[in-house]
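Colleague: Listed in order, the protein sequences are those of chains A and B. Going by the working numbering, the first sequence opens with residue 66, and the numbers climb by one from there. Going by the working numbering, the second sequence opens with residue 664, and the numbers climb by one from there.
A hint or two may mislead.
[Stated by the list, open to error] Simulated crosslink set (DSSO-like; lysine-lysine; CA at most 30 Å straight-line): (1) K723/B / K740/B; (2) K76/A / K731/B; (3) K109/A / K723/B; (4) K731/B / K148/A.
[What the hints assert, rightly or not] Partial selection, computed: residues in chain B whose CB lies under 8 Å from chain A: (5) K712; (6) A716; (7) F763; (8) F765; (9) P767; (10) G768.
[Unchecked claim] Taking CB as the label site, the calculated pair distances span: (11) E150/A / S666/B: 29 to 39 Å; (12) T668/B / D121/A: 16 to 26 Å; (13) S666/B / L104/A: 18 to 28 Å; (14) V120/A / V745/B: 33 to 43 Å; (15) P703/B / E150/A: 21 to 31 Å.
No wet-lab data here; the hints were simulated from the structure. Here the structure is a predicted model, which is why all the values come from computation and not from measurement. For each residue, glycine too, the CB sits at the ideal point set by N, CA and C.
This is what each chain is made of:
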Amino acid sequence: EAGVAQSPRYKIIEKRQSVAFWCNPISGHATLYWYQQILGQGPKLLIQFQNNGVVDDSQLPKDRFSAERLKGVDSTLKIQPAKLEDSAVYLCASSLYSAEYNSPLHFGNGTRLTVT
Amino acid sequence: GDSVTQMEGPVTLSEEAFLTINCTYTATGYPSLFWYVQYPGEGLQLLLKATKADDKGSNKGFEATYRKETTSFHLEKGSVQVSDSAVYFCALRENYGQNFVFGPGTRLSVLP
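This is chain A alone, in the form it adopts within the complex:
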């Protein structure tokens, strides 16, 4: 099966600019996650979708970050305006059954964002 697809792989922007990341999960996966991974740290959840509804966005900085998952398939994460501390790898992941707590996450290769 095809894996989780993300684009772009790399992005360099100046602070205060905007940027968008795209993710296409594994076909049939109802749950989609966006994680932020700062260098040397583990992934931190930003937002979780179940189909096209938001399950958890408690750690999303809503003043500058937004995400949507129209039609319950692919998803876009946007940052506007970007800050230096947003430099990180943004990982998208999907999972088959949200109610099955032992269903693992499948990750994309991530987008490395550098804010200068």
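For this one, chain A is given, so just place chain B on it according to the hints.
Modeller: Chain B in isolation, oriented as in the chain A frame:
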């Protein structure tokens, strides 16, 4: 809240050495436990998992046993290879929730 603690890296070993990466967790319920591996430039990949106490997950020569009494899920491999060089993340998923909580990762370097 739930949390995962891992031994600090980097860990540097010679090829064929024995590997242990310690992982302990704090959770209110009965989580499932996972080890993920991240190779350079790639996303995280599931290495193994265990869903209940005393379960042993295994894959590619790696093993980890879910120890409820010590709230631990240590990763072991009897003989590491250069290709095992990567960052290893311990993670848990809450029993009745849906969030994955990751540890900070442990970087492993295996020298030929």
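Colleague: Each of the hints needs a verdict: does it hold here or not?
Modeller: Checked hints:
no.: 1; hint: K723/B / K740/B; in the structure: holds (9 Å)
no.: 2; hint: K76/A / K731/B; in the structure: violated (43 Å)
no.: 3; hint: K109/A / K723/B; in the structure: holds (27 Å)
no.: 4; hint: K731/B / K148/A; in the structure: violated (42 Å)
no.: 5; hint: K712; in the structure: holds (6 Å)
no.: 6; hint: A716; in the structure: violated (13 Å)
no.: 7; hint: F763; in the structure: holds (6 Å)
no.: 8; hint: F765; in the structure: holds (4 Å)
no.: 9; hint: P767; in the structure: holds (5 Å)
no.: 10; hint: G768; in the structure: holds (5 Å)
no.: 11; hint: E150/A / S666/B: 29 to 39 Å; in the structure: violated (22 Å)
no.: 12; hint: T668/B / D121/A: 16 to 26 Å; in the structure: holds (23 Å)
no.: 13; hint: S666/B / L104/A: 18 to 28 Å; in the structure: holds (20 Å)
no.: 14; hint: V120/A / V745/B: 33 to 43 Å; in the structure: holds (40 Å)
no.: 15; hint: P703/B / E150/A: 21 to 31 Å; in the structure: holds (24 Å)
Figure legend: structure checked against the earlier numbered hints; hints not met, in rising order: 2, 4, 6, 11.
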